[in-house]
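Participant: The lines below spell out each chain.
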Amino acid sequence: MSRPAYRRPEYQKINKDLFVLTYGALVAQLCKDYEKDEDVNKYLDKMGYGIGTRLIEDFLARSCVRRCHSYSEVTDIIAQVAFKMYLGITPSVTCNNASRNEFSLILDKNPLVDFVEELPAGRSSLCYCNLLCGVIRGALEMVHLSADVSFLQDRLKGDKVTEIGITFLKKLDEKKYRRKK
Amino acid sequence: MADAVLFEFLHTEMVAELWTPDPDPGSGVSAGRRRPRREDGVMGFRVGQALGERLPRDTPAFREELDVLKFLCKDLWVAVFQKQMDGLRTNHQGTYVLQDNSFPLLVPMASGLQYLEEAPKFLAFTCGLLCGALHTLGFQSLVTASVAALPACKFQVVIQKP
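Protein chains in written order, with the UniProt record's numbering: chain A, 1 to 181; chain B, 1 to 162.
Watch out, some of these pointers could steer you wrong.
[What the hints assert, rightly or not] Coverage of chain B stretches by chain A, computed from C-beta distances (three or more under 8 Å per stretch; other residues unrestricted):
#, segment
1, 4-15
2, 76-84
3, 96-104
Everything labelled a hint here was simulated from the structure, so no lab data went into it. Here a beta-carbon is modelled for each residue, glycine too, at the ideal position from N, C-alpha and C.
Using the sequences and the hints given, assemble the complete structure.
Facilitator: Shown next as structure tokens:
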């Protein structure tokens, strides 16, 4: 075969499954360690933050994003470039206020919950994908943007869609945001 | 589809978080709570079991134990780490040594003897992964890992007889 073995489509799917399965195992383990949903959520957010602060370098190295001049552009890049690159999905973006610093990412599909049908019993407040919020927050902080990121709606909790809310807290400083060369 | 790096980032964060002392003041332990190594392995086991079910198996039935280990060294390793295992040795009595000269989860750390003490933490999950995959394929095993010099490592698999 001239094609390298790892390019076989089954293997590429396994690679994606590997991350999703590992994430699931992590959440299961945290649910064993912490009784309260809030503690699990906080821990996932914290881990996500740590990942985000490193993932941003990987992202900037792989993508050719131009300098952003507005929070709206930043959010578009998160949805259309970053989510696409790492999770293969493109959430839609809505702006929630007139000052244009509150946005929502609406996730139609979410690969992280591919193998999750419903939240475990007694875990109704668990934000299963809270890692994502931490990742976004950590990545933004590394480009000097401070934001609150949280799940506003969650299909796993019975909502119609899964929605991540991003609220930018500080004024965008153009000088500080620069593309990594 | 998820980029392969996502798994590496998640794995690194899991090792960092699960091995640091817990600063929870409510725990009542001044030195903090250090999680045991087996939790990484337990998570790896669960993932290995699930992956074992998903791997394409061209040969419908493995003739021998050795075939299964070869399958892991080639197919599982390629699927998970995009490379084959570099060496497989056995004593033909249930013990196998799998050698990876450039283990992808160690490569970003260092090469040589730096971080030798830290290296086992980065192998616990993968030991569980191998154990879980073997379990799905019908074998009970004990898997341990050792590092002489990064990024090379060896996984020792001892198949447990029923």
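Participant: All hints are to be evaluated individually against the structure, with a verdict given for each.
Facilitator: Now the hints, each set against the structure:
1. 4-15: holds (count 10)
2. 76-84: That given contact holds, which follows from 6 residues of the segment 76-84 of chain B lying within Cβ reach (below 8 Å) of chain A.
3. 96-104: violated (count 0)
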